[in-house]
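These are the residues of each chain, in order.
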Amino acid sequence: MSQTILHKRFKAHTDQLKQLRDWVRESACKAGLADDRIEQVVIGVNEACMNIIEHAYNKDSGDIIFDVTQETGQLTFQLTDFAKAVDSSCIKPRKLDDIRPGGLGVHFIHEVMDKVEYQPSEDGKGNIIKMVITTD
Amino acid sequence: MECSTSQEGDYVIVTLKGEVDLHYSPEARKQILEQLKNNKHVLVDLSGVEYIDSSGIASLVEGFQLARSSKLEFGLVGVSDAARQVLELARLDKVFQIKATVAEFTEA
Chain A
330 MSQTILHKRF
340 KAHTDQLKQL
350 RDWVRESACK
360 AGLADDRIEQ
370 VVIGVNEACM
380 NIIEHAYNKD
390 SGDIIFDVTQ
400 ETGQLTFQLT
410 DFAKAVDSSC
420 IKPRKLDDIR
430 PGGLGVHFIH
440 EVMDKVEYQP
450 SEDGKGNIIK
460 MVITTD
Chain B
829 MECSTSQEGD
839 YVIVTLKGEV
849 DLHYSPEARK
859 QILEQLKNNK
869 HVLVDLSGVE
879 YIDSSGIASL
889 VEGFQLARSS
899 KLEFGLVGVS
909 DAARQVLELA
919 RLDKVFQIKA
929 TVAEFTEA
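So the protein lines, in turn, are chains A and B. Everything in the first sequence is counted per my numbering, starting at 330 for the first residue and increasing by one. Everything in the second sequence is counted per my numbering, starting at 829 for the first residue and increasing by one.
Worth double-checking, as some hints may not be accurate.
What follows is a set of in silico ranges between Cβ atoms, one per label pair, in the way DEER data are often shown [to be verified]: (1) Gln925(B) to Gln332(A): 44 to 50 Å; (2) Asp909(B) to Asp344(A): 21 to 27 Å; (3) Gly431(A) to Ala931(B): 28 to 34 Å.
Here's a subset of chain A near chain B, in silico, CB distances under 7 Å, partners left out [stated by the list, open to error]: (4) Pro422; (5) Leu433; (6) Val435.
Everything labelled a hint here was simulated from the structure, so no lab data went into it. Backbone N, C-alpha and C define an ideal beta-carbon position, used for all residues, glycine too.
Just chain B, same shape as in the assembly:
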């Protein structure tokens, strides 16, 4: 898994690529929660995710919950087919704000 961050307007984009499994999800979780704790709105780019397991999904749920309690924005961008399949299995595809591009969040 690769995990990187960038800034776009008021948002920090956390980009995850490759296979987000139990071996790597602690790094994804750390990055997501760290940005939120620094009071940043966070978008997680999942367009390059080839596989994500329940531990990766749990990191996204933690981010969603922390953002909500901190009154920050949290959304998912460009969700890959592999990630969407798992979000649907968890019935979370209607819970997260999901958009195709970062611009759809920043220009809203």
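Chain A on its own, in the form it takes in the complex:
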């Protein structure tokens, strides 16, 4: 049985990122994560949201829904957007031995989360990223 810890809807704009990080800290703390793990999770969720703002919405305006749910042994952070559906097979971490700016966000997400899933939203209008960490 999963329990919702947090549910928020906000504008897909860079000025919302600080608030999002605060929500992540607050919910991860409520779920009992250790401080260093909380900061890793903050990095992952922040990067996922940046990707939605920059790549899914591009320069369009829109909303993002942020949900945090807890069930035995795991905590799930989910971001839902209403942008054009993105081909999730194109979202892959890049090789880090190529020293260049950009393209690090997906690597960060996969590095700090235990499981990452991309899926289209149920009505086909938008995208969902689910980031799961184990808490045992």
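Chain B: place on chain A using the hints.
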């Protein structure tokens, strides 16, 4: 985020403080690249950085690359724990020249 510059010997110190995220990193990028384009050696002081995301790291990588192609020096000073965590995630902690103080660069 706060971004300021100062001169110390042959180096311009770009000091970043607070949270360097996608909302503020364009300002950090502008300051870093502007100094390098003016032919200055640049040190970025990260001691007051509480959070930095991949866009902030990308600004540092751009500075590193421009400095290298312009034969200028570029380094990071007093990297905070929060910034070091992200540099390590990006495997860039061994790529940048990192020292604890400005003096370690200027007196070398």
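Now the hints, each set against the structure:
1. Gln925(B) to Gln332(A): 44 to 50 Å: With Cβ atoms ~48 Å apart, the hint holds.
2. Asp909(B) to Asp344(A): 21 to 27 Å: holds, 26 Å
3. Gly431(A) to Ala931(B): 28 to 34 Å: holds, 33 Å
4. Pro422: For Pro422(A), the interface hint is violated, since the closest Cβ of chain B sits about 11 Å away, which is over 7 Å.
5. Leu433: holds, 4 Å
6. Val435: violated, 9 Å
Violated hints, in rising order: 4 and 6; the structure is consistent with all others.
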